Structure formats: structure tokens, C-alpha cells
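Residue numbers (my numbering), protein chains in the order written: chain A, 1 to 322; chain B, 1 to 322.
FYI, nobody ran anything at the bench for these hints, they're computed from the structure. It cannot be assumed that every hint is accurate.
[Said to hold, decoys possible] With a straight-line Cα cutoff of 30 Å, these simulated DSS-like cross-link-like pairs (lysine-lysine) come out:
#, chain 1, residue 1, chain 2, residue 2
1, B, K221, B, K194
2, A, K45, A, K254
3, B, K221, A, K30
4, B, K245, A, K30
5, B, K221, B, K296
6, B, K30, A, K254
7, A, K23, B, K245
Bear in mind the structure is a predicted one, so any value in this text is a computation, not a measurement.
Protein chains: 2
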Amino acid sequence: MSDFYFFDSISTELDLVEAALVKSVDSNVKIIDHAAAHLIKAGGKRIRPAFVLLAAKYFREHIEYIIPMAVALELIHVATLVHDDVIDNSDLRRGAPTVRSEWGNRVSIYTGNYIFAHALTLIEEYDQTEIVDILADTSMKICEGEINQMFSCYRTDLGLKNYLRRIERKTALLISVSCQLGAMVSDANSEQIKALKEYGYYLGMAFQITDDILDFIADEKTLGKPTGSDIRQGVITLPAIYALKYDPHRDELKRLLASPELCKTEAERIIDIIVNSAGIDYAYYATNHFANQAQKKLGLLPASPLRQTFAEFADFLSAREC
Amino acid sequence: MSDFYFFDSISTELDLVEAALVKSVDSNVKIIDHAAAHLIKAGGKRIRPAFVLLAAKYFREHIEYIIPMAVALELIHVATLVHDDVIDNSDLRRGAPTVRSEWGNRVSIYTGNYIFAHALTLIEEYDQTEIVDILADTSMKICEGEINQMFSCYRTDLGLKNYLRRIERKTALLISVSCQLGAMVSDANSEQIKALKEYGYYLGMAFQITDDILDFIADEKTLGKPTGSDIRQGVITLPAIYALKYDPHRDELKRLLASPELCKTEAERIIDIIVNSAGIDYAYYATNHFANQAQKKLGLLPASPLRQTFAEFADFLSAREC
């Protein structure tokens with residue numbers, strides 16, 4: 001998922017977002033700047049700002065005014081990544097992190113808070129308190145999702161419903177809000193805003209499931225982290241949930257996934273069972289389902305070359321082998 | 001500092017704030033509710049909401065409309081306390097915390113984020129994006145202050161300027177903003193808002209210095225924590241800064257305060273040196289200075305019985321033995 005050709009129509013604006021992101025953290029404390037710059041420069045797919053830009057471009061030709069909003073959405077995403085980076089005591093107890101600065105956790109927390117607060121200052125210029133309310137509400141739900149994910153680790157008894165709620169909060173909501181806010185400040189009417197918000201939601205669901213599939217089947221080079229990172233941390237995603245229910249090796253899988261120790265030491269065996277189960281196909285089926293739902297919402301928008309761009313992203317997710 | 005009689009004129013509204021605070025956290029995740037409720041119910045002096053209320057009451061008789069703002073300011077304060085609660089790896093390495101739930105740090109982080117985001121939703125009804133900007137800007141400065149405080153621990157070479165900047169960010173800014181916002185949404189003119197904002201700033205400085213003095217001289221029962229908690233954590237406050245510069249035992253003090261080990265094992269000796277130095281008197285002198293600065297700002301406000309209330313708080317801080 002490295003090459004999003006469908007972002008071509010907003011490449012100029014994405015460059016502006018990138019420049020603004022790099023410049024965005026300029027605190028009075030070197031360590032905040034350093035920590036934030038590191039994370040921001042490490043980059044990412046910039047999906048959230050891209051959707052802010054695309055949603056705005058759907059309704060207006062010149063969209064320079066939307067840059068701060070696009071930057072804000074990416075910063076909120078980065079803030080959650082910084083907080084995710086906090087090491088759990090439990091991990092520390094197991095001796096996992098080998099190198100970590102003395103004050104690592106606190107720096108991560110305050111840097112995350114700083115980045116989030118900075119994102120809020122960027123949206124003042126739109127002069128709509130509703131935007132703050134939407135972002136605050138989304139943040140609260142993301143927090144709920146993070147805690148829910150934490151307590152769902154190693155839980156082999158939780159099923160599809162719990163998983164969908166987790167990925168909604170982890171990914172779909174912020175992508176949904178990106179589409180919604182991009183449209184909201186760009187003369188879209190309430191039906192169009194709603195359609196894009198829902199498109200973003202379904203696309204975000206498809207996107208996260210694809211990501212969860214790739215964690216099993218892509219190699220370390222593509223992922224930028226070891227294959228099966230989720231499993232090693234006890235995060236049970238859709239392919240595993242399916243295999244836990246229907247695979248002939250489900251009893252063995254259950255025993256392995258329930259154990260923090262075995263999730264690490266037997267990760268390859270777990271991955272092997274899941275990759276050879278129908279769980280991957282089922283997850284692709286689910287991706288297709290959500291990508292199709294996203295497509296449907298586009299029918300509610302006026303004709304525009306941009307509709308094709310939105311459709312291509314959904315196509316891209318549903319076109320995976322299955 | 002347990003009995004703030006000068007809050008009598010707003011006791012009805014403070015009760016409403018208290019009830020709203022208890023009800024304020026109602027997430028879909030039990031552990032967030034539990035963690036937040038515990039912290040909120042543990043209470044505190046409710047200084048920030050009190051100043052929001054008092055500033056509003058200065059300009060309007062009926063101030064029910066200000067309750068959500070007062071709740072929001074206290075929640076922002078509570079959110080910082082939750083994040084302060086995160087255990088450093090360094091502490092853990094030294095084996096300090098004995099009982100801690102498996103996921104302690106992450107729960108603290110997401111609960112803090114949740115509470116902060118919830119505070120933001122409460123201010124939407126005032127429909128002024130400037131309020132969000134002020135709160136976001138304050139949050140960023142608080143983060144800078146927290147990191148600055150962290151990196152100032154055990155640093156015996158940092159002096160008054162560094163200390164004042166730390167307490168400004170730790171305490172003065174949020175009290176200042178409480179006064180400012182209370183006035184801002186209550187028909188105060190820009191000069192009056194500025195006067196109350198500055199009053200809050202100076203009062204906050206005096207308040208934190210008093211708190212720092214008490215950490216040396218009050219007993220465990222009054223403080224609710226062991227005497228010398230700051231010292232034990234390497235937080236060097238005004239009495240220590242003075243003693244490090246002027247006390248005959250300054251070389252010994254410097255050696256002790258520079259060592260994380262000795263700050264714990266020799267805490268009583270350190271406290272003894274500082275309490276018997278002129279550092280406590282000097283800190284009272286500084287408290288008086290800031291309390292007087294706060295008083296001066298009140299002269300810019302119209303005559304009102306509330307002016308007396310604001311003055312009494314400053315008097316209370318400057319009337320300590322010195």
C-alpha cells in the first residue's frame with residue numbers, strides 16, 4: 001500500500017501539508033521538537049490529510065484554506081502514535097525494551113499532548129466550534145478504543161463485534177472525520193457531508209482490515225516491522241478470529257493466543273495456522289464488503305472527476321487477492 | 001490551605017460544579033470511568049473552577065451558564081494530574097512502585113486524554129473558537145513546563161529564572177486562564193479581562209510558591225503526602241534554590257541534591273538544611289511579592305463586593321508567617 005496514485009490530483013497540496021507538518025512543531029523545549037520532528041518526518045501515508053484535501057476539492061477548486069485542517073488531522077493521528085509508543089510496565093518487566101532514555105515515557109506523553117494541543121490551535125481559523133466538538137468527541141472514542149484494545153489482548157473469547165468496534169475507533173473514525181471536516185468547511189451541503197463522512201468510515205474499516213491482513217502475509221521489508229507484530233503483542237485481528245472459530249487447529253490456536261509468553265515464542269506457528277486457514281480469505285471478504293459500502297456512498301455525491309478518485313481508493317482496497 | 005472561606009459567595013455554584021464533575025465522565029469503558037471518577041472524587045481545592053465562577057460573578061449576578069466552563073477547567077487540571085501519575089521507567093527500575101496493575105501507564109494516558117477531550121466538548125456551547133485557542137495554547141505551555149521540570153530535576157545549577165518559568169507553567173497559567181475565561185464570557189471589557197488574567201497569573205505564582213514552602217514545613221497529615229516529596233523526586237524549589245546559593249551548608253546541599261540516590265536516602269538531612277536556612281523566609285518574601293502584584297491588578301476592576309473576595313485570597317497567601 002505504498003503507492004497511492006489516486007492522490008495525484010492533490011499532490012501540490014500534499015507537499016504543502018508536508019512542509020507545514022515539518023514546520024508545525026516549534027516549541028520552547030528542544031526535546032519536544034526533537035521527539036515530534038522524528039515522528040513527523042518518519043512519515044506515513046498521510047491518508048488523513050489526503051482525505052481532508054480530497055473532500056474539500058470535491059466542492060472547491062482552490063483549497064489552500066484547507067491546509068491547516070489537513071495538518072491538524074495528521075497531527076492528531078501522530079499524537080496517538082506517540083502515546084502508543086509508551087512502554088508498558090508489563091513489557092518492561094519482561095525486559096523487552098533494551099534501549100530507552102531515562103524519562104522515555106513522560107517525554108512521549110507530553111509530546112503527544114503538545115502535538116494534540118497544537119492541532120487544536122490550527123483549527124481556530126475556521127471559526128466553527130462544532131469542529132472542536134467533532135474532534136474532541138472523536139478523541140474520546142479513540143481513547144475508549146485504545147483501552148478496549150488493551151483489554152482485548154490475549155482474549156480468544158472475543159469475536160467479530162469487539163473487533164469491528166476496535167478498528168472503528170482505531171482507524172475508521174479519524175478517516176471518517178477527515179472526509180467530513182474537509183467537506184464541512186467547503187460549501188458541501190449536509191447530505192454531501194454525511195455521504196463523505198460515511199464513505200470515510202467504511203473506507204477506514206476496509207483500510208484497517210487490509211492492514212491487519214498484511215500483518216500476517218507481508219514481509220518485514222514491506223511492513224517496516226516484523227510479520228505478525230499484532231500476534232506477538234496479543235492483538236487478535238479478524239483472520240485470527242475466524243481461524244479461532246472454524247479452523248481444525250482452533251484448540252491449539254486458542255491455547256497459544258491466550259498466552260502472552262506463547263504469542264511471542266510460538267508466533268511463527270500461530271501465523272502459520274492462521275495463514276493456512278480460511279481466515280485471510282474471510283478478512284478479504286470483509287474488506288470487500290466495507291469497500292463496497294464506501295463505494296455506495298459516493299453515489300450520493302454530485303458528478304465530478306474527484307468521485308473517481310474516491311472510488312479508486314475503495315477499488316484499490318477491494319481488489320486484493322481473494 | 002484547606003479552608004477557603006472566601007469561596008462562600010459561590011458555594012452554591014461550587015456544589016453544582018462538584019455534581020457536574022462527578023457526572024462528567026461517562027464513557028463506554030468501565031476502566032476509564034473508574035480511573036477518572038477516582039481522581040475526580042479524590043477532590044482537591046477546586047481553585048480553578050472557583051476562579052472561573054468568581055470572575056463571572058464579578059460581571060453578572062446569575063452565573064449558571066458558567067458551570068460547564070468551570071467544570072472544563074477543573075477537568076483539564078485533573079487530566080494533567082492523571083498524566084503526572086504515569087510511572088517513569090527510571091522509577092520502575094529502582095523498584096519504587098510495588099503494586100501497579102499490568103497496564104497502569106496506558107490506562108493513565110488514555111484516561112487523561114479522555115478527560116481532556118471531554119473538557120473540550122464542554123466549551124462548545126460558548127461558541128467562541130478563541131476559547132479553544134487559549135486552552136490549547138495553555139496546554140502546550142503546560143507540556144513544555146512538565147518536560148522542563150523533568151529535565152530540571154537534580155540540577156543544582158539552575159536558578160530562580162528556571163524555577164519561575166516552571167511554576168508559571170505548572171500552576172499560574174491555568175489559574176490565570178480560569179480568571180480570564182470566566183470574565184471573557186461574562187460581559188467584561190478587554191481591560192477588565194486583562195486585569196483578571198494578570199491577577200490570576202500572579203496569584204497562581206504566589207499559590208505555587210506557598211505550596212512549595214509547605215512541602216518543606218507542613219506535616220504529612222496536612223500535605224496528604226510525606227514532607228519533602230519534591231526533594232525526594234529531585235524537584236528543586238525556591239527554598240532549596242536560595243539555600244544552594246547562600247547557606248553555609250551549600251556545598252553539602254549541592255552534593256546531596258545532585259544525586260537521585262541521596263535525594264531519597266538523605267531527604268531528612270536535606271530538608272533540615274533548607275528549613276534552617278533563610279530559604280523559607282526568602283520564598284515567603286517571593287510569595288508576598290506575587291500576592292501584592294495580584295492585589296494591584298484588582299485596582300483596575302470596578303468596585304464590587306467580589307473585589308474584596310479576590311483581595312482576600314491574595315491576602316491569605318501573603319499573610320503567612322515571614
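Verification of the supplied hints:
Distance check on the hinted pair: K221/B and K194/B sit about 38 Å apart at the alpha-carbon level, beyond 30 Å; violated. Of the supplied pair hints, the one linking K45/A and K254/A is violated, its CA atoms being roughly 34 Å apart against a limit of 30 Å. With a CA separation close to 39 Å, the supplied pair K221/B and K30/A exceeds the 30 Å bound. Distance check on the hinted pair: K245/B and K30/A sit about 28 Å apart at the alpha-carbon level, within 30 Å; holds.
With a CA separation close to 35 Å, the supplied pair K221/B and K296/B exceeds the 30 Å bound. Taking the CA atoms of K30/B and K254/A, the gap is near 26 Å; set against the 30 Å cutoff, the hint holds. Of the pairs offered as hints, the one joining K23/A and K245/B is violated, with about 40 Å between alpha carbons and a cut-off of 30 Å exceeded.
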